[in-house]
Amino acid sequence: MKLEIRLFAGLRCGNPELPCYGQSECDLEVPEGTTIRELRTILAIDPAISLLSMVNNHHEHEEWVLKDNDRVGMFPPIGGG
Amino acid sequence: MDKIARIDMGAAGGPKVTMEEVGEYVGLGGRALTSLLIAKEVHPLCHALGAENKLVFAPGMLSGTAGAMTGRLSVGCKSPLTGTIKESNAGGQAAQVLARLGYAAIILEGKPASDDLYKIHVNKDGIQISVDNSLKLLDNYPLVDKLRKEYGDKVAYITIGTAGERKLLAASIACTDPELRPTRHCGRGGVGAVMGAKGVKAIILDDAGMKMRPPKEPEKYRDANRKFVEGLRKHPVTGEGLPAYGTNVLTNVLNEAGGYPTYNFKTGQFATSAKLSGEAQAELEIKRGGTATHGCHRGCVIQCSGIYNDKDGHYLTKQPEYETVWSHGGHCGIDDLDTVARLDFMDDNIGVDTIEMGVTIGVAMDAGIIEFGDKEGAIRLMEEVGKGTPLGRVLGCGAAVTGKVYGVERVPVVKDQALPAYDPRAIQGIGVTYATTTMGADHTAGYAIATNILKVGGDVDPLKTEGQVELSRNLQIATAAIDSTGMCLFIAFAIMDQPETFQALLDMLGAFYGITMTGDDVVALGKKVLSAERDFNARAGFTKQHDRLPRFFYTEPIAPHNQTFMMKDEELDEVFNW
Ligand code: SF4
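Just so you know, the protein sequences line up as chains V and E, in that order.
When we follow my numbering, the leftmost residue of the first sequence carries the number 1, and every step to the right adds one.
When we follow my numbering, the leftmost residue of the second sequence carries the number 1, and every step to the right adds one.
Note that these hints are calculated values from the structure, not bench results.
Be aware that a few hints might be false.
What the hints assert, rightly or not - Restricting the straight-line Cα-Cα distance to at most 30 Å, the calculated cross-link-like pairs of lysine-lysine (DSSO-like) are:
1. V:K67 <-> E:K275
2. E:K527 <-> V:K67
3. V:K67 <-> E:K216
4. V:K2 <-> E:K275
5. E:K216 <-> E:K464
6. E:K375 <-> V:K67
7. E:K149 <-> E:K275
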């Protein structure tokens with residue numbers, strides 16, 4: 001299935017095997033049933049970073065199962081105001 | 001901070017200074033001091049621009065010490081914008097200098113009989129007040145340049161621009177940063193108009209010959225401060241996100257969450273918001289030789305600010321905050337950072353609140369004065385404000401006035417103060433704060449975004465009503481207390497997540513004053529401040545019916561969540577039932 005991926009605030013795809021290596025925006029094919037946790041492993045995002053993930057404008061937890069055409073936004077911890 | 005100076009601007013024969021002991025306000029600072037004093041001394045039904053109103057400048061409880069992050073200055077009065085009590089705070093150098101000079105507060109009272117413009121010089125020898133009509137109709141940047149020729153660079157300046165002189169309801173009070181730029185503003189509520197009404201154009205604070213305020217228990221204080229700083233550096237928000245990208249890092253997350261009010265609150269996402277993002281802004285700042293990491297006062301270890309240069313590498317403005325980039329950006333359908341930066345400079349220079357002005361321009365766009373997305377048009381409207389034309393005066397009096405003058409229905413205000421950069425239909429918790437805070441719509445009063453969106457200090461679903469009242473209540477209480485300490489509110493991200501950093505803050509307060517400070521004491525302080533503010537507002541005629549959002553938030557669902565504001569009136573009425 002295909003995902004629309006947006007990485008923010010300095011996050012980048014860290015997997016040299018992927019076409020989006022080093023990038024923060026991409027459309028990516030992943031296996032059906034991929035969870036947010038598995039996606040971050042696929043993208044090789046530093047496991048030490050606690051991620052905030054938005055799927056189609058909703059905050060979702062790491063075990064959330066993604067669907068075809070989902071838009072996934074990932075953020076490291078951020079704040080402001 | 002053992003004295004209070006009262007300056008009667010209306011005294012016969014010219015302004016008169018009276019010094020007094022801090023008395024009942026001992027140990028208080030910042031918002032606690034301004035709000036308790038205004039609630040006690042100002043007639044709640046007075047005209048905010050009249051002689052009966054008072055304008056209080058108070059450094060925080062820990063300002064002027066060696067403690068990190070302690071440089072917030074609170075300004076309190078009855079607000080001419082909202083008619084409620086008002087505390088508006090800013091960074092910059094002023095609080096540290098005023099505290100080292102020994103003042104718990106400087107209070108401007110009365111009203112001068114003439115049109116003369118005054119400047120107030122405060123140094124170790126006391127307070128001198130003089131007429132200086134050569135400062136008339138100077139905006140903040142040229143004003144500070146002129147004052148620097150006379151008073152030099154080792155001082156802090158508190159000033160108003162032309163908006164304050166003209167008593168416009170969006171007028172701010174500017175405090176200079178370490179480089180003496182008038183960029184840190186007590187923005188909200190028209191406090192600059194009150195300073196203008198008192199006839200005071202500038203306050204010059206010179207702490208030469210003064211020392212840091214000494215703690216009662218110096219070693220304990222040093223130790224607690226060290227732990228506190230460690231905690232701020234360790235937390236990813238205060239240690240990494242804010243220093244790298246500033247507050248504007250929020251653009252992408254709010255847009256992604258569908259809570260980014262766009263085209264005057266018509267939709268919750270802006271298609272080209274990425275062009276306005278903190279990431280894009282930081283990259284541009286660095287590329288142009290500015291910086292994305294800068295402290296608004298010495299002693300700030302988070303350094304969320306920055307310097308924004310123009311394309312030729314010349315200073316244009318300080319790093320515009322998220323709220324500013326939103327109000328002048330997405331809210332108006334503008335996706336150009338250079339336009340936003342120019343407007344930010346104009347706001348600071350003229351001396352107006354960036355949130356109020358941006359929201360007002362969006363309302364003016366809804367009225368058809370200019371089109372959404374019209375960059376040059378937005379700048380032209382700001383020029384009108386700077387010139388004080390009739391249209392400029394209407395706009396400079398904020399969104400509520402502009403909406404009334406032009407017959408606009410969708411006017412995003414509570415108690416006539418413009419809503420900030422978070423849509424309450426997509427983020428119910430912040431709507432509770434907007435509706436109920438004593439200040440008129442204000443995100444900082446109880447920043448539910450932290451828990452609704454950023455998942456700091458817990459996780460409350462932004463699209464549901466459950467848990468929002470309690471969240472907003474707790475945040476409003478904590479904020480009232482933090483606003484009293486002189487600490488920048490951004491410490492909250494670390495103290496909400498890290499109990500040891502909160503303990504370090506308590507230990508700093510305890511060691512400084514030689515007392516034991518517990519979490520319960522902080523809660524009690526916050527409640528005391530809020531109660532005094534609520535009492536003032538009640539006597540000023542505010543009822544629970546004023547603690548509501550404009551009707552369109554209840555009737556117009558917003559994309560992408562297609563939700564309205566769902567909190568029931570009875571739930572909102574529970575916020576202050578503790
Ligand atoms: S974190 Fe930002 S607002 Fe707070 S004191 Fe530092 S520079 Fe000023």
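How the hints compare with the structure:
| no. | hint | in the structure |
| --- | --- | --- |
| 1 | V:K67 <-> E:K275 | holds, 28 Å |
| 2 | E:K527 <-> V:K67 | violated, 47 Å |
| 3 | V:K67 <-> E:K216 | violated, 60 Å |
| 4 | V:K2 <-> E:K275 | holds, 25 Å |
| 5 | E:K216 <-> E:K464 | violated, 47 Å |
| 6 | E:K375 <-> V:K67 | violated, 39 Å |
| 7 | E:K149 <-> E:K275 | violated, 40 Å |
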